[in-house]
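Q: Residue-level listing of the chains:
There are 2 protein chains.
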Amino acid sequence: MSFKLTILGCNSAVPTIEKNPTAQLLNADERFFLIDCGEGTQIQLLKNKIKAQRINHIFISHLHGDHYFGLIGLINTMHLLGRTRELNLYAHPKLKDIIDLQFLASNTELKFPLFFHPIPTDKEKVLFEDDSIIISSLVLKHSISSSGFLFKEKKKTKNIIKEKIKQYNIPVSAILDIKQGNDFNTVDGEIIRNEELTTISDSPHSYAFCSDTTFVEENINKIKGVTLLYHEATFMKDLQEKALQTGHSTTVDAATIAKKAEVKQLLIGHFSKRYNNLEDLLEETRLVFVNTSLAADGETYDFDTI
Amino acid sequence: MSFKLTILGCNSAVPTIEKNPTAQLLNADERFFLIDCGEGTQIQLLKNKIKAQRINHIFISHLHGDHYFGLIGLINTMHLLGRTRELNLYAHPKLKDIIDLQFLASNTELKFPLFFHPIPTDKEKVLFEDDSIIISSLVLKHSISSSGFLFKEKKKTKNIIKEKIKQYNIPVSAILDIKQGNDFNTVDGEIIRNEELTTISDSPHSYAFCSDTTFVEENINKIKGVTLLYHEATFMKDLQEKALQTGHSTTVDAATIAKKAEVKQLLIGHFSKRYNNLEDLLEETRLVFVNTSLAADGETYDFDTI
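Keeping their order, the protein sequence lines are chains W and X. So the first sequence is numbered by our numbering: it starts at 1 and just counts up by one. So the second sequence is numbered by our numbering: it starts at 1 and just counts up by one.
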């Protein structure tokens, strides 16, 4: 299935005119998952022509404002525009109180069910799972509790070749069986080998989001081999000590995780506002892990091309 | 003194790419008062080249999100940029809990004193007063408790003509006396008439902010003769019933208040998103009160030219 990530914001701490605080949209086969929601995210969705009402699952990494101050406005807009479909929110428990208090103050009763799914801060948890995707939290290390997110497309069934359905008069009831790798017996008793009926599907896509966090050795195995890793790189390596003090990563931290986890591509973001030239950060990261890109607001990354 | 109002946002309910939710900045002789703070206000301040750290007083009319969802982000940014000067926040009591809860969740201890001044919901109150300005709340009528704000420059002392100080050798100790309208006795016993020493000052400026609210007859006397009245006009007059149901005003409501209060100029805003052509609203308002303008994001109104 198609897997596309759009960066709605990747700045750290303080928003600027050009750069928004953290928010990302993962489009998994036209299902929209929102990751973090800094102030102004609803406007970023409009600018990127993404309909907010199509988002049914929102994941908030931690409760620093640059990762969630836009959430209450987005939910309020969904309500005012007449949403009725349920919305699932995955976050640390205190966020529920923050939302409830604000809607209480405005005497707002949401017109749609808002299901709050608390993320444990001390262990991984499967947050959402269906036939095609499994989404888990990761435990990050930051100045306050922080969680990463791992999106893994499930192993795909094979694709059946449409012409063969007609050619061998295959009934609908047999298709799932064939997609699962079995041969097909025709009404005449002829055995058609599975290889003739199906094409090999692409390898499943996967995406790991790690922000905000220091270097966490324990997560390397958990994100092993993902297609794309977004990892914060707030500082360059000369500020390693500051990174540790503030619970952030350097370029080299991010690159080392990517290298050890053997990910296909690394995307770095959440840059400190002290850096005017982000190419310096990119260069330093690439010295450790070559296939790295700089996250940029409005950019979309298609996993089929990674 | 100079008195200038900059509109940072004047949209109702749902923000759009072009129009921000409510926020205004009143610059009274280089003292900055922020009125309401919808999502994205800090970016609007940047776009209008207004330094957030110069704002020492923030007034929030009511707790619907389009009037305050940007406040927590603005305060957070002031903190992250190292503010030490006190900030005064005037709002309904529940807003304090909302702010406290969010800073508790992020383990943030503000580096500056944040003084919260609760606005009573059932009566007017002087919120701030010094030698040059007095700021009071007004009681509005909306679907939840809502307050207006009245900014009145105090009656000015006269301006002393600098050349006369030298000419008559006027000591510093006598200047305040002359500014208050008294004559001056020279060392030779000569009486110099006050009219020779001073110029007549301009009439004091005043500004009334009324949003969100229905038509409130009782406020007409309170805002009598203000230089500028900002009054919400969410709907056109054919939606009078809807306006009453939702606690809003029509163009005619706003114009009637302006006419009866004999204000110099009316500024209407908080338009429903149903209206594509705001000129229709302007035209309808002007039929009742001619000197009306449409509020627009980024526009500045200089009270000296009203």
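Misleading hints may appear alongside valid ones.
Because identical chains cannot be distinguished in the list, a pair is counted as satisfied if it fits within a single copy or across any two copies.
Unchecked claim - 27 Å max Cα-Cα, derived DSS-like pairs, lysine-lysine:
| no. | residue 1 | residue 2 |
| --- | --- | --- |
| 1 | K179 | K47 |
| 2 | K111 | K94 |
| 3 | K51 | K273 |
| 4 | K111 | K264 |
| 5 | K19 | K47 |
| 6 | K111 | K260 |
| 7 | K141 | K111 |
| 8 | K155 | K273 |
| 9 | K164 | K94 |
| 10 | K111 | K242 |
| 11 | K19 | K111 |
| 12 | K111 | K273 |
Source of the hints: derived by calculation from the structure; they are not laboratory data. Fair warning: this is a prediction, and the values are worked out from it, not measured in the lab.
Q: If a hint holds in the structure, say so; if it doesn't, say that too.
A: Status of the hints after comparison with the structure:
1. K179 to K47: Intra 40 Å, inter 56 Å, cutoff 27 Å: neither.
2. K111 to K94: both (22 Å within a copy, 23 Å between copies)
3. K51 to K273: between (30 Å within a copy, 17 Å between copies)
4. K111 to K264: neither (42 Å within a copy, 43 Å between copies)
5. K19 to K47: This pair counts as both: shortest intra-copy Cα distance 13 Å, inter-copy 13 Å.
6. K111 to K260: Close neither inside one copy (47 Å) nor across copies (40 Å); limit 27 Å.
7. K141 to K111: Classified as between; 24 Å across copies, 36 Å inside a copy.
8. K155 to K273: neither (40 Å within a copy, 46 Å between copies)
9. K164 to K94: neither (55 Å within a copy, 67 Å between copies)
10. K111 to K242: This pair counts as between: shortest inter-copy Cα distance 19 Å, intra-copy 45 Å.
11. K19 to K111: Result: close only across copies, 25 Å inter versus 32 Å intra.
12. K111 to K273: between (39 Å within a copy, 20 Å between copies)
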